[in-house]
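So the sequence lines, in the order shown, correspond to chains A and B. Numbered per the numbering used here, the first sequence spans residues 1 to 790. Numbered per the numbering used here, the second sequence spans residues 1001 to 1164.
Do not take every clue at face value.
[As the list claims (entries may be wrong)] BS3-like, lysine-lysine: derived pairs with alpha carbons at most 27 Å apart: (1) K1056(B) x K10(A); (2) K648(A) x K428(A); (3) K387(A) x K1158(B); (4) K1012(B) x K15(A); (5) K1012(B) x K13(A); (6) K206(A) x K147(A); (7) K1157(B) x K13(A); (8) K342(A) x K172(A); (9) K587(A) x K603(A); (10) K1012(B) x K10(A); (11) K15(A) x K1056(B); (12) K388(A) x K648(A); (13) K157(A) x K91(A); (14) K396(A) x K444(A); (15) K648(A) x K396(A).
[What the hints assert, rightly or not] Pair by pair, the computed Cβ-Cβ distance ranges are: (16) K769(A) x T1062(B): 31 to 39 Å; (17) T1129(B) x P18(A): 29 to 37 Å; (18) H237(A) x M1001(B): 45 to 53 Å; (19) N1123(B) x H237(A): 55 to 63 Å; (20) K434(A) x S1127(B): 21 to 29 Å; (21) A1003(B) x A706(A): 19 to 27 Å; (22) D126(A) x T1016(B): 51 to 59 Å; (23) Q1017(B) x D638(A): 50 to 58 Å; (24) N1123(B) x G446(A): 51 to 59 Å.
I should point out that these hints are in silico values taken from the structure, not numbers from a laboratory. We treat Cβ as the ideally placed atom computed from N, Cα and C, and that holds for glycine.
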Amino acid sequence: MPAATRYLGKPLKRKEDPRLIQGLAHYVDDIVLPGLHHVAILRSPYAHAQIRSVDVSKAQAAPGVVLALTGADIRGSIGAVPCAAQIPDMKAAPRPVLAHDRVRFVGEGVAVVVATDRYAARDALDLIEVEYEPLTPVVNPEKAIEKGSPVLFDGHKDNIAYRWELEGGDLKAAFKKADKVIKQRIVNQRLIPTAMETRGVVAEYKPGERQLTVWSSTQIPHLLRTQIAAMLDVPEHSVRVITPEVGGGFGSKLNVYAEEALAGYLAMRLGKPVKWIETRRENFQATIHGRDQIDDVEVAFKRDGTILGLRIHVIADLGAYYQLLTPLIPTLTGLMASGCYKIPAIRTEITGVLTNKMATDAYRGAGRPEATYLVERTVDLVAAELKKDPAEVRRKNFPKLEDFPYATPTGVIYDSANYPRSLDLALKLSGYKKLRQEQAKARKQGRCVGIGLSTYVEICAMGPSSAMPAGGWESATVRVEPSGMVNIMTGASPHGQGQETSFAQLGAEILGLEPGDVNVIHGDTSIVPYGIGTFGSRATAVGGTAVYKSLMKLREKLAALAGFLIGEDPGKLVFADMKIFSKAQPKKSIPFGEVVAAAYTAKKLPPNMEPGLDATTFFEPTNFTFPFGAHVCVVEIDTETGDVKLLKYVAVDDCGNVLNPLLVDGQVHGGIVQAFGQAMLEEAVYDEQGQLITGELMDYAIPRAADMPWMETDRTVTPSPVNPLGVKGVGEAGTIGATPALANAVADALSVFGVRHVDMPFKRERIWKLMQRVRAPLGARQNKGSRRSK
Amino acid sequence: MSAEIQVRVNGKSYETQVEPRLLLVDYLRDVLGLTGTHVGCETSICGACTVLLDGKAVKSCTVLAVQASGSEVTTIEGLSALAPANGNGLHPVQEGFWEKHGLQCGFCTPGMILASVELLRTNASPSQTEIRHALSGNLCRCTGYQHIVQAVEYAAKKMKSRKR
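Extracted from the complex, chain A is given alone in its bound form (with noise of 0.2 Å):
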């Protein structure tokens, strides 16, 4: 990071903020053409069932109909949904964009229906006639892969999509060596992601340009083009992909659907432009689910606290389908297995099982919210065994300071931290000393009040293309115009992060310009350079890093031609007020536009300088980010109803340098807040049928305002190695840190009760019936998580 911060560090409030504040912004469902029609698809009501026939005559005969078609009129025409996760031995399950003989979910589209308005065309959806055989759905993953279960697909001999084993060290004498060995089943729930705007895609043809335009709420609009290209058969220099605002994708629009290809399919076939918005029950039903693991964990310890061995089993469920990413999700858990700690022997085994559900895929965290919690449930269920403080155990467990940058058995290496530094801060702002004492107090008169903690390390800045099925790198041009004006074109395409304004102190910064002097541009396949997209926490650490190079690459040209016009080694250039002057004669100096101006009227450049100012970067990182943290907070139960209350929260956590403080304190609050809606609330349940009767948000709660208390946040700050921006990332901390803090406080506030372990969302019926089970007969120590509460 450059040394001068007139701008870097500093919370700017945001520049994409006026046209959202003011109704000005326009989301896909904002966009109208001339002409547009309207698509809306008929969804299976079945989770498993064999479609003997679909009939479409009458919606196609009804008002405002121009078309109607059924998943055998378009079989051929449109490619199967990718998968971009290869995993050896996996089995394959291509979902076709329509279903044409077979449904595996509820929510899978069988017919699609093109109106002249939007309410015409759900009205036809009531008019098609489809006869189902049900199947037995499979439901249950553990059943699922039972023999004599009901299989998904024809030609496989059961539902597992794949096993994925990842060993380090020595597990055998890990065990051997150890004091004592805990086993625990943790589960980590279904999710539903429900970002606030759906899905949605708008798309026009127009056949003298060959040329598909497609509008879509997604967080990867090139990957998207070439995908849409691919499934339609077209090339890739026919389709251009446009991102407008993005209503929140949280990972859930970090993949290609469907409905993405079927909307472009129709705008060719029709030759008009149509636009299909998804209602929240589709958003619900057919956008990618997040989490759902059951983990069944071994761990092997001393008795002075210190880890040796973690064995775990992982069944994954990944719905009936791969979407983009869906097989590699779970494999990440056993990537982050080791968590902050030097654990000398770990094995992951994992079962990827197919079942009549949606696919699950990335949200936010992505399979590290999931080996976090695993981990830091262990270390809790290790420090109440030995009956020590959770803080000490983690202390005990933490690699030293030299031993960083540190390789984990698992196979990745941690690039820089400190977690005692961010440990004693979460400690020390939460007063936690007290905390224990008054907990002590509570405890004495009747209440039930917990304490939990979390310190946890997640993977980012994804990620050396080495690891990425479609590259980890990231793009960025920068083009400084004839009037000094900077464009910045950046491939990450943010959807709500803040880059517009975070990319635009970088290029003032280090142009000497203000913020309002420079554009940041994104999401369209036309005008940015080829680009990876935003999920991951990589936009900054990646894609700031390629908008850094390019930057300081057009910073040495400017250099080189001041320099060249008022007579001044460029090394010896300082970039500020909107000039470039000598830094030991200031007043040898020249407006930054006017050598802007030289650059393009070419009239006077040094020898072999060519004319204009643009710079392209493809920066690509050697390694991951490792961000971390330490959290703490406080619950307190009402042991007559069995309602969770959150008292206190503390966060501190070390993204390494901040370019805005603003925007990272927003990421956090928002990640502990989605943390606090997996831990008390949410939860996708799939009835026996494969029903979802979470199907919309009047039965699946997502936190709101009045359920959260003031959070406290801090950071440290450890700069990254990996980019010379020293930035790590943020964006999915929160729901890796938080999720187990308040998982711990929990279980520990439980623990008066005996109880040692219980799985998530605490919903009051859970908590409570949990309580009277064990209250009654004391000697009930043991409770192993249940899947489902009944």
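Go by the hints and put chain B onto chain A.
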């Protein structure tokens, strides 16, 4: 079948023939082209579609356009006209959201802002608890609400100082 409605939106009068089932939010967005009001759930849970109907915050995804006939509607696009002139063309609540980083993706923001306006109309100095309670009909998935609470506090302070 259609019905005629007369409605004032952001100070302008409209007379329109509409289907009786047309939702107010679709009328605002599709007929009048006021796309600042968003649809997030269609079940009146999320509050993204919140507008002011005769000064009161309502969820326009569960109001029919015909029910709004004879009424005055204020959407996010017309909000600044309600505020005392302040130079930047923003209502103090809008200003608060900008100053305090009360938004990220911005999708819930118009509804969140209008619900906050309604709160400050009835309670000029709300406590944090009151703000959180008043905004519980509006969901935000990005911000974790903390900066939103601060944005409303900022607006309350600003509006009081202007009244003096």
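* Failing hints, ascending? -> Structure breaks hints 1, 3, 4, 5, 6, 10, 11, 14, 21, 22 and 24.
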